[in-house]
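Engineer: Build out the structure end to end from the sequences listed, making use of the hints.
Number of protein chains: 2
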Amino acid sequence: MASPVSPLAVAMPHLPAMAGVRFGAAEAGIRYKGRTDLVMAEMAPGTTVAGVFTRNKCPGAPVDWCRAILPPGHARALVVNAGNANVFTGRAGADAVSATAAAAASVVGCAAREVFVASTGVIGEQLPFERIVVALPDLQSRLTPDGWEAAARGIMTTDTFPKAATRTAMIGGTEIRISGFCKGSGMVAPDMATMLCFVFTDAKIPASALQGVLRRGVDASFNCTTVDSDTSTSDTVLLFATGQAAHPRVGVEGGRALADFAAKLNELLLDLALQVVRDGEGARKLVRIDVTGAVSAKSARRVAMAIANSPLVKTAIAGEDANWGRIVMAVGKAGEPADRDLLSVGIGGTWMARAGAVVPGYDETPVVAHMKGHEIAITVDLGLGRGRATAWTCDLTHGYIDINGSYRS
Amino acid sequence: MASPVSPLAVAMPHLPAMAGVRFGAAEAGIRYKGRTDLVMAEMAPGTTVAGVFTRNKCPGAPVDWCRAILPPGHARALVVNAGNANVFTGRAGADAVSATAAAAASVVGCAAREVFVASTGVIGEQLPFERIVVALPDLQSRLTPDGWEAAARGIMTTDTFPKAATRTAMIGGTEIRISGFCKGSGMVAPDMATMLCFVFTDAKIPASALQGVLRRGVDASFNCTTVDSDTSTSDTVLLFATGQAAHPRVGVEGGRALADFAAKLNELLLDLALQVVRDGEGARKLVRIDVTGAVSAKSARRVAMAIANSPLVKTAIAGEDANWGRIVMAVGKAGEPADRDLLSVGIGGTWMARAGAVVPGYDETPVVAHMKGHEIAITVDLGLGRGRATAWTCDLTHGYIDINGSYRS
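Residue numbers (this note's numbering), protein chains in the order written: chain V, 1 to 409; chain G, 1001 to 1409.
Hints were generated in silico from the structure; no laboratory data involved.
It cannot be assumed that every hint is accurate.
Unchecked claim - In silico EDC-like cross-links for lysine to aspartate or glutamate, where the CA-CA straight-line distance does not exceed 16 Å:
1) G:K1264 - G:E1175
2) V:K57 - G:D1146
3) V:K57 - G:D1219
4) G:K1057 - V:D381
5) G:K1264 - G:D1219
6) G:K1057 - V:D341
Unchecked claim - Stretches of chain G that chain V covers, calculated by requiring three or more beta carbons in the stretch to come under 8 Å of a beta carbon on chain V:
7) 1110-1124
8) 1265-1279
9) 1288-1297
10) 1311-1322
11) 1340-1351
Note that the Cβ used here is the ideal one computed from N, Cα and C, for glycine as well.
Structural biologist: Shown next, in the form of structure tokens:
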């Protein structure tokens, strides 16, 4: 199973301790041997929470649970396991989540409905939740403010590197911090995918305001990335606000007081989302697709995602082939308004086709050099309006087949 | 370029001569060396025609031409070239089609608007149409009623075997014949693997009736198959009726008189469509997906196609892994009504999951044996209604990456 680290990997940044949250990881032996697979976080009383979940119609039991307990917006603990997704496990799956939440609530001293749970791994096998229940008391006793990296590593599955990011933001003249980690490297598509992301801030923000900024942030980050167009049953993004920072009060609507917070949160979410793409199964190139000139932003996004999801575009990039004809095909298959005779396509800053035809005698040298790099930039102008959007993906390589074509990976 | 013949290949059937149509192929040197790349068919006066074309918004110049001349429903000739798709070639591309049609009309003695043209191959390069124009007189002089196989071979690009099928049908007590050939091996790979399909019948059927049966037939065959989810800029299906058979008159509406014809046409189109899937780039397994219990047939089809297009399902099949969890994921991502707790998934006739949970102690032996075969059957029951649909695809293998990741394949 151990794949070499992605050539697009980035080093994990140092995440400083944050008032109001402590982390830990343990080896619960859920599926893997000799590595941590159970992560816990405990948050201070008064912590608010926001969440965004997969749109897959067959979600896992943990997603059902989190959706059900989210509305009051209170959280005291987070329990995540790797190796078993607890998806398609029927009544027993729901019972496993309840038991896990109850066990964590017992050691923390809170209500079970304040314990958020997430699972990632194989679908359709019963989660051996007794191993989690047994491991929690010792794990909770070892939680530490410096446990960020242990947590980021403990939730990995096919990930080849831990993914984390941190930012500071200002709320009413006071500096607060936002830090988070995530996992994901396949089954990653619009509407989030085998992707779990946990973000924490010491800011004090009402749950309703938190939910608004999180939803917009996810839409502008994770929902603009794709590895393989497949949408996981377990996608979860949770944002916890411990309320320990001393800044002017934020109203339930949030509003202008959260402008900088929202901007920095979006940066952090995009940073994490791109780390997931960089760790896309088999990925050797990170691809950015900018679409301009669409009839609307929504239309631009659909065109960008059609290009990002095209196997033919992605294999061409893997082959370092500046095959703009396949980009034209992908634009056309998006089903959005497009006029072939106004369409322009560029790669790495060189327009190869303009207004519906190849640019006569364009210099292929910089394009060839660009295709050999780790980061590929595709630009498409539809020439119709002012709508624009950006999407990110990775190339489609033999590595993807290797990882996903092996028995019950 | 020469890939080994697909392990799923079928032998080309013998297509008997048909009154009212003659075929031929020539080496025009458009792109390939040492093989035929130009195909011509000449049909008797009075031949009617129906056509269905790609939904891609950036179609090639030949598709524009065929759409424009289709409405009167008259055809006297067909000219097809392989190696260059004449797509995204601007004004020059349209001029190349006009010149080709005019040259064919001249040798046949018909109007240019009675000459249908199709091209397949590289996108964005000017079609050297002079080579076609020069080759047509000699090619036309050699047309023969026995030229079916030459025609089927002359339109191949990345195809590893020629694809043809034939059926007989009854119209008003008279036996007529339907025969056709096609090419395609990435349901749609703009560079070299567009799907082109040409079907001929000696029946005498008004163009309006012909169009209706063809559209329904394509919808139930080619539109239920996928290799890689990419939609070519050149996909074309044309059905020509030479009117040489002596059967009772068919009205402009078609109707009941065409019931058997429509049934046999659908069989033939599905036969051809499955040959394309069998020759899917890198395909080693043909996959049939039956969805039942959906809220509607349309919904069932969307679910079936979501499974058929899932890279994770397709790589699992390549790995001979009966990974039903990924099928659950694909059902959920289709966005159609689905209730996880009613969902059942079977492979090769064995139910692995029923009503939202794994079947305890199901016998994996026949499933493992089934996965090693060349033809894989997936069954999904949604448990909601009576909607059903079937889709076909192939597995996603290293071969697909090899074929599409090499420079300007």
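Engineer: Now, for every hint given, state plainly whether the structure supports it.
Structural biologist: Okay, the hints, checked on the actual structure:
1. G:K1264 - G:E1175: holds (12 Å)
2. V:K57 - G:D1146: Judged against 16 Å, a Cα distance of about 54 Å means the pair is violated.
3. V:K57 - G:D1219: Distance of about 27 Å is beyond 16 Å: violated.
4. G:K1057 - V:D381: holds (15 Å)
5. G:K1264 - G:D1219: Cα-Cα ~15 Å, so holds.
6. G:K1057 - V:D341: Roughly 11 Å between the alpha carbons, so the hint for G:K1057 and V:D341 holds.
7. 1110-1124: With 3 residues close enough to chain V, the hint holds.
8. 1265-1279: With 0 residues closer than 8 Å to chain V, the segment 1265-1279 of chain G misses the three-residue bar; violated.
9. 1288-1297: With 0 residues in contact (Cβ-Cβ under 8 Å with chain V), the coverage given for the segment 1288-1297 of chain G is violated.
10. 1311-1322: Three-residue rule met by the segment 1311-1322 of chain G, so holds; n is 8.
11. 1340-1351: holds (count 3)
Of the numbered hints stated above, those contradicted by the structure are hints 2, 3, 8 and 9, listed in ascending order.
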